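S.K.: Chains as they are written, first to last, in the numbering used here: chain R, 371 to 487; chain X, 31 to 144.
Check the hints yourself; a few may be wrong.
Said to hold, decoys possible - Which residues of chain R face chain X? A partial, calculated answer using Cβ under 7 Å: (1) Met415; (2) Tyr420; (3) Lys474.
Claimed, not checked - A partial selection of chain R residues facing chain X, derived with a Cβ cut-off under 10 Å: (4) Ser401; (5) Gly403; (6) Ser412; (7) Glu414; (8) Met459; (9) Lys479.
Said to hold, decoys possible - So these bits of chain X aren't anywhere near chain R, every CB distance computed over 12 Å: (10) Ile49; (11) Ser54; (12) Thr56; (13) Ser91; (14) Leu108; (15) His134.
Worth flagging that the hints you see were computed from the coordinates, not collected in a lab. All values reported here derive from a predicted model rather than from experimental measurement. Built from N, CA and C at the ideal position, the CB exists for glycine as well.
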Amino acid sequence: AQKITQTQPGMFVQEKEAVTLDCTYDTSDPSYGLFWYKQPSSGEMIFLIYQGSYDQQNATEGRYSLNFQKARKSANLVISASQLGDSAMYFCAMREGRDGANSKLTFGKGITLSVRP
Amino acid sequence: EADIYQTPRYLVIGTGKKITLECSQTMGHDKMYWYQQDPGMELHLIHYSYGVNSTEKGDLSSESTVSRIRTEHFPLTLESARPSHTSQYLCASSELGAGNQPQHFGDGTRLSIL
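Take these sequences, add in the hints, and give me the full structure.
M.R.: Here's what the structure looks like:
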């Protein structure tokens, strides 16, 4: 079974509107961390936001927020007030176990987001 | 701003050549990683290191090898390049023992084997 599932086809959003990118995960470990990265066409990976499995509140970083539903094993990224520069691929990734023992990330297949002017 | 550098940025080379992809970071991170990514696809971990003289194979089998002689340097080598090695290779690093700290990535090397 895939550990990180991102099944949305290419997503489109109008500039200045909000968009939600879906991510579901699968783990039996009670301690884990979820990361979202942005990859523009130039190829670099840009860290956006982190959610720990024991965090009580949903993570927020500027225009990025995470809709973390632990029971459903989902960690959807919400981008508010979309900008043209948000057009990119977005990857959800998971680290299982308490860090120190394991910091390897498992990535999903990614979602392409296109922002329309 | 992360300080992790990969060279070359692009490389087009013939089959059978020996290739070394360079990766250096100035953040003093103990952990370093190499990922392989085909266009529009997910990243696959091919090698990682938790410190000097420590290297491990990742989840995806790779014909490449790595070394970690210095904390800041984690080069990846292909002894004899083949067209199947054509891909993007991304290097990353992270702090030791910090679960909420992200991996910081370099800009990647886009490798094309003719």
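S.K.: Now tell me, hint by hint, if it's right for this structure.
M.R.: Hint-by-hint comparison with the structure:
1. Met415: holds, 4 Å
2. Tyr420: holds, 5 Å
3. Lys474: holds, 6 Å
4. Ser401: Where the cut-off is 10 Å and the nearest Cβ of chain X is about 8 Å from Ser401(R), the hint holds.
5. Gly403: holds, 6 Å
6. Ser412: holds, 7 Å
7. Glu414: holds, 5 Å
8. Met459: Result: holds, 7 Å to nearest chain X Cβ.
9. Lys479: holds, 5 Å
10. Ile49: holds, 18 Å
11. Ser54: Non-interface label on Ser54(X) holds, nearest chain R Cβ at 16 Å vs cutoff 12 Å.
12. Thr56: For Thr56(X), whose nearest Cβ neighbour in chain R is about 17 Å away, the distance exceeds 12 Å, so it holds.
13. Ser91: Ser91(X) clear of chain R: closest Cβ-Cβ about 15 Å, beyond 12 Å.
14. Leu108: holds, 19 Å
15. His134: violated, 7 Å
Violated hint for the displayed structure: number 15, the only one.
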